[in-house]
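Input sequences plus hints: build the corresponding full structure.
There are 2 protein chains.
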Amino acid sequence: MDLDFIHQLVIPAQTKIAMIILDGLGGLAIEPGGKTELETARTPNLDALAERSELGLVVPVAPGITVESGPGHLGLFGYDPLKYRIGRGVLEAVGVGFELGPNDVAARGNYCWLDADGLVADRRAGRIETGLSRELSRLLTTRIEDVDFLVETVKEHRLAVVMRGPGLGSALTGSDPLKNGLPPQPILALNPESDKTVRLVEQFIEHSCRILADQPAGTPANMILMRGFDRYPDLPGFPQLYGLRAAAIALNPTYRGIAQLVGMQALPVEGGRVADEFRALEENWNNFDFFYLHVKNTDIAGEDGDFDRKVGVIEELDALMPRLMALKPDVVIVSGDHSTPAALKGHSWHSVPTLVFSKYTRADGIAEFGEHACAHGSLGVLPAKQIMPIVLANALRLAKFSA
Amino acid sequence: MDLDFIHQLVIPAQTKIAMIILDGLGGLAIEPGGKTELETARTPNLDALAERSELGLVVPVAPGITVESGPGHLGLFGYDPLKYRIGRGVLEAVGVGFELGPNDVAARGNYCWLDADGLVADRRAGRIETGLSRELSRLLTTRIEDVDFLVETVKEHRLAVVMRGPGLGSALTGSDPLKNGLPPQPILALNPESDKTVRLVEQFIEHSCRILADQPAGTPANMILMRGFDRYPDLPGFPQLYGLRAAAIALNPTYRGIAQLVGMQALPVEGGRVADEFRALEENWNNFDFFYLHVKNTDIAGEDGDFDRKVGVIEELDALMPRLMALKPDVVIVSGDHSTPAALKGHSWHSVPTLVFSKYTRADGIAEFGEHACAHGSLGVLPAKQIMPIVLANALRLAKFSA
Chain U
40 MDLDFIHQLV IPAQTKIAMI ILDGLGGLAI EPGGKTELET ARTPNLDALA
90 ERSELGLVVP VAPGITVESG PGHLGLFGYD PLKYRIGRGV LEAVGVGFEL
140 GPNDVAARGN YCWLDADGLV ADRRAGRIET GLSRELSRLL TTRIEDVDFL
190 VETVKEHRLA VVMRGPGLGS ALTGSDPLKN GLPPQPILAL NPESDKTVRL
240 VEQFIEHSCR ILADQPAGTP ANMILMRGFD RYPDLPGFPQ LYGLRAAAIA
290 LNPTYRGIAQ LVGMQALPVE GGRVADEFRA LEENWNNFDF FYLHVKNTDI
340 AGEDGDFDRK VGVIEELDAL MPRLMALKPD VVIVSGDHST PAALKGHSWH
390 SVPTLVFSKY TRADGIAEFG EHACAHGSLG VLPAKQIMPI VLANALRLAK
440 FSA
Chain L
40 MDLDFIHQLV IPAQTKIAMI ILDGLGGLAI EPGGKTELET ARTPNLDALA
90 ERSELGLVVP VAPGITVESG PGHLGLFGYD PLKYRIGRGV LEAVGVGFEL
140 GPNDVAARGN YCWLDADGLV ADRRAGRIET GLSRELSRLL TTRIEDVDFL
190 VETVKEHRLA VVMRGPGLGS ALTGSDPLKN GLPPQPILAL NPESDKTVRL
240 VEQFIEHSCR ILADQPAGTP ANMILMRGFD RYPDLPGFPQ LYGLRAAAIA
290 LNPTYRGIAQ LVGMQALPVE GGRVADEFRA LEENWNNFDF FYLHVKNTDI
340 AGEDGDFDRK VGVIEELDAL MPRLMALKPD VVIVSGDHST PAALKGHSWH
390 SVPTLVFSKY TRADGIAEFG EHACAHGSLG VLPAKQIMPI VLANALRLAK
440 FSA
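From first to last, the protein sequence lines stand for chains U and L.
For the first sequence, my numbering puts the final residue at 442, and the numbers step up evenly by one.
For the second sequence, my numbering puts the final residue at 442, and the numbers step up evenly by one.
Since the hints were derived computationally from the structure, they do not count as laboratory data.
One thing to keep in mind: the hints can contain errors.
Copies of one chain are not kept apart here, so a pair can be met inside one copy or by any two copies together.
As the list claims (entries may be wrong) - Straight-line C-alpha distance at most 30 Å; calculated DSBU-like pairs for lysine-lysine: (1) Lys-55 / Lys-218; (2) Lys-218 / Lys-439; (3) Lys-194 / Lys-235; (4) Lys-367 / Lys-218; (5) Lys-439 / Lys-194; (6) Lys-439 / Lys-55; (7) Lys-384 / Lys-55; (8) Lys-439 / Lys-122; (9) Lys-55 / Lys-74; (10) Lys-384 / Lys-74; (11) Lys-367 / Lys-384.
Since the model is a prediction, treat every value here as computed from it, not as a measurement.
Next comes the structure, spelled out in structure tokens:
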């Protein structure tokens, strides 16, 4: 089943859909037989909603596959993440509001610290302070031959590097060894069209090392690593595809970027708490049909291995759910883009507990939102990309299929 | 997994398979937390069979997709409904026993009533009485240029219109607006080969309007709507594919038509009750390996929004199950082609409760046949097209796969 097939069935309706994505929602128990983060959290509102919902376990891409947030979100938005591949560089650039041109090549950059042996001692340059990172990025921005290198700090050590100029290919390997204690990897062209890009990127990295070497003692970065080279992708637009005026509410630029790539409008959020995201939801409720609301801190707590903090973020979201339900949404989805169990301190391949609520759902009657409860739900175990058709059906936005 | 793969594994056996399809079987509770139609029905025989069966929830085509009966049945017969698309016109024509030639183009027609403003006031012409409909269809049958227009009443307002003559394409849009209060839609050719068809269809509709205008006052139809133009499809035959002498038992012509399209033999049924279908099953038991038995009234009750009547039809079927079991079938499947919840008064996307029984099933031991019970079954949530391989396996009609 492809997107064209769904698109042809789409019909208009006056229904509101809210998709709440807790980043890295799925978890693991710390002890055998114990409870996951979600099961540990006190979630009276999600539990009550679960009772009236269809439950299931969502597999972001395929069983056993651990994903980054990009493919995790594309799946939830209905795009096959194996078909639509978007380089991390593009996600970072779009996330900071950079307007990528069709010929630009974007890369994800990291400030890092290289030791005297030429090994990457710290891939994150001590999570360099964002203000300093911005200053350095201004210094690094340059032009080499006929190509501009535009450097933008995303946050801390994280950069978007955009190359703008003629004759650039985007089929390159990255230099980030993805692990401390290893040397930077050689950047290689994967096709002849990318030879020039490789040559200029090598010069740009040398240029960056010289600039960083000139900074005051104590500057935590002396090199940049680059990976995820790609161009702006050619994705069917979410609003056109599904006939939905779609808004994205996310505190973190990466997620606004992903949503914008599929054509959603990223709404401004005043403040940095989940409650502020809900206020943005309330204030814009009348202007859109579909709301994607992203909660980031579940993932960060999971990556930090902080089980209790992840529990706390889930409880924070649960306490806000009545504000969503007071808006009387026609369809509510609560899910995650992947699992990030605190026990693993990172993303994992585990399926993600998911609920779909509408007045037309054949409620499973299971009054608990958790991994084990969702294993008994009538949605079964399903790929993320199957969620949107179910959501559209519940919003009465899909016509009957007939030849 | 494609049909060739299954076909290559098929081996002969002396086993009897009965597939009981309750049209629109899946339902919804009227009240949150309540029971569906199937769960409300007293079904001691189905419950006892369920206990000895594997249970699951069948998705006709894909999650979220609501289907017509055509694709719903093709899936149950093992054909991918997205690959094998059959126009409604063909289903209607074959359903009334019309022998379509390879170059004939068939359309689904509706007698309708157009108001003075040119809007379709009633797409079903007050569900015109079948006898009168037949008389009108005889009057409408005509020849335009070198093409015969053969008009057959299916039932009430429903027609099959078959075009027979040289140079006809079948890539046409339909005129039925699918909703009252809108004007008939223009019929458009989707390729140059269909230009002649469009021109003649327009003349045929004008001809029909003239004939209907000449009828006595009180005739409830003054126009016909046409849609679902198609030719006889090129489907692999069910008997050849699976090595099964296959019979269809259905009171309604559409379902006999679908079964005949895949090469099943439609058996005559004396009388109009489900019990009469079971008598046909008993009388023909020795002559076939596979029986498809169709119960229509679950769907009609669902479309009428009559929860209790749908419950009653299910109970009627349940009471007849001992007659099937007395024949000692090797494999029994009870399922539906889609859901038709009374609460929605129409087909829906919800999955369909399904049981598969044989002496080799790993029985789930769940002594209840219902939507929630089936959510706990070991078949899981599966597409309809996966049912036939399971059935063949239980009938010991599939060899071991080895490269």
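*When no copy is specified for Lys-439 and Lys-122, does a C-alpha distance of 30 Å or less occur within a copy, between copies, both, or neither?*
Both: 26 Å inside a chain and 17 Å across chains, each within 30 Å.
*Give the relationship of Lys-55 and Lys-218 under a CA distance limit of 30 Å: within one copy only, between copies only, both, or neither.*
Answer is between; shortest inter-copy Cα gap is 24 Å, intra-copy 44 Å.
_One pair to classify: Lys-367 and Lys-384, alpha carbons no more than 30 Å apart. Within, between, both, or neither?_
between (37 Å within a copy, 23 Å between copies)
*State whether the alpha carbon distance between Lys-367 and Lys-218 is at most 30 Å within one copy, between copies, both, or neither.*
between (47 Å within a copy, 28 Å between copies)
_Within, between, both or neither: Lys-194, Lys-235 at alpha-carbon 30 Å_ = within (29 Å within a copy, 64 Å between copies)
*From the Cα coordinates, with 30 Å as the cut-off, is the pair Lys-55 and Lys-74 best called within, between, both, or neither?*
between (33 Å within a copy, 27 Å between copies)
*Check Lys-384 against Lys-55 for me: Cα-Cα at most 30 Å, and say if that holds within a copy, between copies, both or neither.*
between (36 Å within a copy, 22 Å between copies)
*Using 30 Å as the alpha-carbon threshold, which applies to Lys-218 and Lys-439: within, between, both, or neither?*
Classified as between; 13 Å across copies, 51 Å inside a copy.
*Should Lys-439 paired with Lys-55 be assigned to within, between, both, or neither, using CA atoms and 30 Å as the limit?*
This pair counts as within: shortest intra-copy Cα distance 20 Å, inter-copy 34 Å.
*Is it within a copy, between copies, both, or neither that the alpha carbon of Lys-384 lies no farther than 30 Å from that of Lys-74?*
within (17 Å within a copy, 42 Å between copies)
*State whether the alpha carbon distance between Lys-439 and Lys-194 is at most 30 Å within one copy, between copies, both, or neither.*
Cα proximity of Lys-439 and Lys-194: across copies only (22 Å, versus 46 Å in one copy).
Of the numbered hints listed earlier, not one is contradicted by the structure.
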